[in-house]
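Colleague: Residue numbers (this note's numbering), protein chains in the order written: chain A, 2 to 364; chain B, 2 to 364; chain C, 2 to 364; chain D, 2 to 364.
Accuracy of the hints is not assured; some may be wrong.
Since the list gives no way to pick out one identical chain from another, each pair is judged satisfied if it fits inside one copy or across any two copies.
[As the list claims (entries may be wrong)] Subject to a maximum C-alpha distance of 25 Å in a straight line, what follows is the list of computed BS3-like cross-link-like pairs (lysine-lysine): (1) Lys152 x Lys48; (2) Lys23 x Lys346; (3) Lys48 x Lys14; (4) Lys354 x Lys152; (5) Lys310 x Lys346; (6) Lys23 x Lys48; (7) Lys48 x Lys200; (8) Lys123 x Lys48; (9) Lys48 x Lys124; (10) Lys354 x Lys310; (11) Lys123 x Lys23; (12) Lys14 x Lys153; (13) Lys152 x Lys17; (14) Lys14 x Lys354; (15) Lys346 x Lys334; (16) Lys152 x Lys23; (17) Lys124 x Lys152; (18) Lys48 x Lys310; (19) Lys152 x Lys310.
Hints listed in this document are in silico derivations from the structure and should not be mistaken for laboratory results.
Everything numeric in this text was worked out from a predicted model, so none of it was measured.
Each chain, written out:
There are 4 protein chains.
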Amino acid sequence: MTDNMRVRDWGVKIGKLEAGEKNSITDIPGIRVGHCDVVFGEGPLEKGTGPARTGVTAIWPASGNVFTSKVPAATHVINGHGKSIGLMQINELGNIETPIMITNTLNVGAVADALIEYLAFKKDWDFSSINPIVAECNDGFLSDILGRHVKKEHVFAALDNATDGPVDSSCSGAGNGMSCYHFKGGIGSASRKLEFDGKTYHVGSLVCSNMGGMHDLRIDGMPVGITLEKERDNTPELGSIIMLLATDAPLDSRQLGRLALRATHGLARTGTASGNGSGDTVYAWSTANRVPSTSETSSIEGERWLDAKISSFFRAAADCTEEAILDSMWTAKTVIGRDGNARYKIPLESVRKALEALNYTFE
Amino acid sequence: MTDNMRVRDWGVKIGKLEAGEKNSITDIPGIRVGHCDVVFGEGPLEKGTGPARTGVTAIWPASGNVFTSKVPAATHVINGHGKSIGLMQINELGNIETPIMITNTLNVGAVADALIEYLAFKKDWDFSSINPIVAECNDGFLSDILGRHVKKEHVFAALDNATDGPVDSSCSGAGNGMSCYHFKGGIGSASRKLEFDGKTYHVGSLVCSNMGGMHDLRIDGMPVGITLEKERDNTPELGSIIMLLATDAPLDSRQLGRLALRATHGLARTGTASGNGSGDTVYAWSTANRVPSTSETSSIEGERWLDAKISSFFRAAADCTEEAILDSMWTAKTVIGRDGNARYKIPLESVRKALEALNYTFE
Amino acid sequence: MTDNMRVRDWGVKIGKLEAGEKNSITDIPGIRVGHCDVVFGEGPLEKGTGPARTGVTAIWPASGNVFTSKVPAATHVINGHGKSIGLMQINELGNIETPIMITNTLNVGAVADALIEYLAFKKDWDFSSINPIVAECNDGFLSDILGRHVKKEHVFAALDNATDGPVDSSCSGAGNGMSCYHFKGGIGSASRKLEFDGKTYHVGSLVCSNMGGMHDLRIDGMPVGITLEKERDNTPELGSIIMLLATDAPLDSRQLGRLALRATHGLARTGTASGNGSGDTVYAWSTANRVPSTSETSSIEGERWLDAKISSFFRAAADCTEEAILDSMWTAKTVIGRDGNARYKIPLESVRKALEALNYTFE
Amino acid sequence: MTDNMRVRDWGVKIGKLEAGEKNSITDIPGIRVGHCDVVFGEGPLEKGTGPARTGVTAIWPASGNVFTSKVPAATHVINGHGKSIGLMQINELGNIETPIMITNTLNVGAVADALIEYLAFKKDWDFSSINPIVAECNDGFLSDILGRHVKKEHVFAALDNATDGPVDSSCSGAGNGMSCYHFKGGIGSASRKLEFDGKTYHVGSLVCSNMGGMHDLRIDGMPVGITLEKERDNTPELGSIIMLLATDAPLDSRQLGRLALRATHGLARTGTASGNGSGDTVYAWSTANRVPSTSETSSIEGERWLDAKISSFFRAAADCTEEAILDSMWTAKTVIGRDGNARYKIPLESVRKALEALNYTFE
């Protein structure tokens, strides 16, 4: 057992569905994830200067050029105390046409600008209008957020770094400065497999966790947080979680909206009631039934999933989201940020003892 | 020229698109419309007893059993001061599975109940849950609305009477007691043809008009209402209009929602700004890509329309809605209701003079 | 310990907030709840005839005439596979102006019609337009749902029976035929107290539970359902839950919408992922800042709650909803319905053993 | 008569309500508007280099620090083919807490970033999270949009330049590169006065117009566009219009959402049916009932407007929007942009003749 093994390997299995091979959103063919860390400086906050504990994470939602071959998509807003860019057009047209970026709250503008530059000038995608998707959480507890330290080169690096391997640990990219239930949080991922008509489909999740109060934390339903409170100071509850859900099944945008809502169920099971200041936002997409940006015909053929056969996807979405949140804590490491503010790794030994005291069945 | 010729035949052509053969929502194969009038009594209102100037209109949205083979659908609420039943499920599942009924505000419950009885016991459709669609406008100015005089037998009659002929005139069915821009309103319809890839598609509208103040009335943009005010007393502005839009093109529910919104444009062009008390609601559906209630497979093949080729549908939706509102007035006749309250037919000669004074081009 | 003691008295306390005196939605002054059972017949289903295991529940949302003095309100749809009437106008005008009725799915129309008759003719409320609120779940597993056996007299009785005492047990009124996690469900309630600026406010919930699969059931997070599966056959998962949330704090309709969303968190914690067929709908209202139907002035004074002080309400809403769902099972009794279909009371001794095996802390 | 007199002074009066003193959004006390032009280069497009016909417009929504004293607000999306930032939080919290910026589509990110820097470092507003509002239209027909030529200094200048005078002409700020009904468009404004209970309230609009096809253009309902088509080549229809609506009456966010929807009516009356590619977005706010960011109490007193008295505001919103769109064309001047692409000023003499031919009543 290592310090940052994934929660599933550690013995906590969420739900009854089987995980995908990588247990990551990258189990869906074509999806790639990359990070760039922006970490420098120590000591007192100098507004606009540092220290920085931040970064940016890039998710390529499908193979190839997603502008000329868009992915069906939807969003769901649980609590809209957030500053993301790009939701309106996803909702109207039902698709996503760029990589999805996650970063700190005040860096959304700069990252959106850099994403456009990357696609137009580095990738030479041909467009005069494009809808950049940038989501955010607030890492100001650890980082000089007013400095907006994520620059163009970091955005380019995250995009270039992207791979389809298992998603990297919590403190990478956008996760560097994030907190979850008063412990270190950040990026986490999980996936599930579903069988229909002899075919295997996947649902994958990726979260950037930055919400919750320690008291409320539940591990697979078990009230563990309440036993951990003595271990650490309980600073004010922070906010926000970005949740991505993807599938290779041919769900359309309405159905993806239904799927996205079920991230709420996974989130809720970890204990939070989504406080006022939390920007809890979900993006869902499918890699099937790509949407061409131009076409000689006015319609194309495609598969249409039946809502009567969708409930398993809802279950997978809830389970994946719950596990990805835990994954973001299990794979994290302690980070000391500006003004000596600290987010400690969740104390796994204490968690194990708490779960054992509840006769939890490790698997 | 007869007293209730349709507005298009009278010389007002809305927009540049060609109308369908019947210039009615019934130009879309499979759609049928039926009415039942509930008209009795004269003189003073006896609350709960009469007189009645009301009725019910039934729209079969497609051929065959729409429960086992549903139609993709969406709604749009312009001003939700209304009491319709059925919207929530249309929005969630993106389909309609019963005939659509229109009646008076306080009769929605009884009509929904009768519709269920008709489908379960008269048609022997097999279900234990079904989503009846009933929309309404308030005809209380002319009718004893508290009497809820539309009964089961009227609902059955409207459903049984339905035909695919040109939609009947304004004062039929739900239209009996309705007012439009302080003149007699009610049911109106129109349609447009569109060509794509060598195929002809239709957009059709049916409205139940019951909104607007005379001053604001515009005929194809011309400020005619202001010239008519002297002719009639200007009673308080009433509310509500139900607008249906149908197409035989394979738009999905998200796209039908976009289509439904454009009814606003057609409505707005007739002059109203949708006052507080107006229940302005739109239902849109497609007769293509029917949704089976059961299936051995979890997905089926279907056509997917491209949003890049949808703007003409928006234009058709706006134009059809505008024309159907006028149609509801042109095909109306004067009705005297409870307490001697009168809604006069729009004075076509005065309208013609007003339009001529503006050098309007009759076509 | 009796067979139908409430879950809180039995030893399960949800969350850390204190319950109100009655631990019911009726802790909010002015709210009254009444039931009428419609239960008759035994044996095989005769479609349209019986047996009936159904009923209707009436909730008066505030003291006095709520048409002339409306309550600020909002709705939230988790999964809109439902047939409720009244949501559209709540969303537009931000208020509720009638009692809220809960009944079986196919009885919505008849109950809405009876509610209008009651208010217009029995209460002599003066209106020509009104927005009846009727919510539903499907009790067809136990009852002849096509019979729509809830009649006018039952609606009147439920309205007349309403009291401000602790909410009656699960199998009353609309709860008669409902199931929850494959056990007997129905009506449940709970409440919480909150202190602000030296004043005590309440949040209360009332649910009509009719959803979930046994396997998924969680009691205060504990995976109890999975241990109960051997006890009973696992019939197909049913659908739908109606959740009401009320408060005496001056939240406005936007804020009540935020509150309503948190019912999702309470629901999710009981284990379900809200399957495709579930009509999961939330109604929230405040008894403060009543809205007059007529006024000489165009504005009135009122308190405006600050969103920065709203998070405790969200917690209370989630906790109350979770507890009310359990309450609906704890206060239930076994019901045998049509065709001998049975919904058994949740086996409390087995539940206790399962919780003890998990070292659950009874309080 | 000068070349860029406002449309109202030119003789076209929209609706029957009286205009405010400046007939601009700045008639609402506290609102200020500033522009910065970014115009350079001639000749062929060099992607990323120029020529530029663009700019940025800043609207201060109320007096003082709108972060510590926010304005109640709402949005309405007519057609969400747009890339604006900031809507999600407006919808959740019902307020706006920064100036509102308008610019070109691909500059949203950079402008949002600059706005944060201005408020944090130039104004020293104290925050670690803030919701910048940036709206956009696509000026790529005239300008090198991929160059994102609006820089930090331009944003600062627009914010610093803001005044409460009558809103400047069309080709200023964000308006530089915009088109309207195939003529030169951009910024336009208008206002209306309303009397209630002896007090005067205002509704003001500001638009950035960039949509429509010449054929469809209506001037106060009159089909003028169809007569102008011969004058100019009819290039492909462009998209998008940003519409702002403000009032000094105490409407809350729900009511402001209703107000915002009525911009659709004003927009529709000018002739467009909001094509697929149009990002038609509305922002509405009130300068009354400011929302403090911090407070010792959990609620504050405030005026609550009654929906029963809101219809005049809807009329004003529709009329103002319609007039502001025309105003954006009347106050424009011809602009030649990249590749010699030209947007001509609407030919006022031809328009006058067309209106005279229709016996239009100039006022």
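Colleague: First find the shortest C-alpha distance between Lys123 and Lys23 inside one copy, then the shortest across copies, and answer within, between, both or neither for a cut-off of 25 Å.
Modeller: neither (30 Å within a copy, 48 Å between copies)
Colleague: Using 25 Å as the alpha-carbon threshold, which applies to Lys346 and Lys334: within, between, both, or neither?
Modeller: For Lys346 and Lys334, only the intra-copy Cα distance (5 Å) is at most 25 Å; the inter-copy one is 47 Å.
Colleague: I want to check one pair: Lys354 and Lys152. Are their C-alpha atoms no more than 25 Å apart within a copy, between two copies, both, or neither?
Modeller: Neither: 43 Å inside a chain and 56 Å across chains, both beyond 25 Å.
Colleague: Within, between, both or neither: how does the pair Lys354, Lys310 come out at a Cα-Cα threshold of 25 Å?
Modeller: neither (40 Å within a copy, 36 Å between copies)
Colleague: 25 Å Cα cut-off: does Lys152 pair with Lys17 within a copy, between copies, both or neither?
Modeller: For Lys152 and Lys17, neither the intra-copy (42 Å) nor the inter-copy (44 Å) Cα distance is at most 25 Å.
Colleague: My question is about Lys48 and Lys200: at a cut-off of 25 Å on alpha-carbon distance, are they close within one copy, between copies, both, or neither?
Modeller: neither (54 Å within a copy, 40 Å between copies)
Colleague: Treating 25 Å as the Cα threshold, decide for Lys123 and Lys48: within, between, both or neither.
Modeller: between (32 Å within a copy, 13 Å between copies)
Colleague: Since the copies are identical, ignore which copy is meant and state whether Lys152 and Lys310 lie within 25 Å (CA to CA) inside a copy, between copies, both or neither.
Modeller: neither (44 Å within a copy, 36 Å between copies)
Colleague: Under a CA distance limit of 25 Å, which applies to Lys48 and Lys124: within one copy, between copies, both, or neither?
Modeller: between (35 Å within a copy, 14 Å between copies)
Colleague: At 25 Å max between alpha carbons, let me know whether Lys14 reaches Lys153 within a copy, between copies, both or neither.
Modeller: So Lys14 and Lys153 fail the 25 Å test inside a copy (39 Å) and across (49 Å) alike.
Colleague: First find the shortest C-alpha distance between Lys310 and Lys346 inside one copy, then the shortest across copies, and answer within, between, both or neither for a cut-off of 25 Å.
Modeller: neither (40 Å within a copy, 30 Å between copies)
Colleague: Measure nothing new, just compare the shortest in-copy and cross-copy C-alpha distances for Lys23 and Lys48 to 25 Å and report within, between, both or neither.
Modeller: Intra 40 Å, inter 42 Å, cutoff 25 Å: neither.
In summary, the structure is inconsistent with hints 3, 4, 5, 6, 7, 10, 11, 12, 13, 16, 18 and 19 from the numbered list given earlier, while agreeing with the others.
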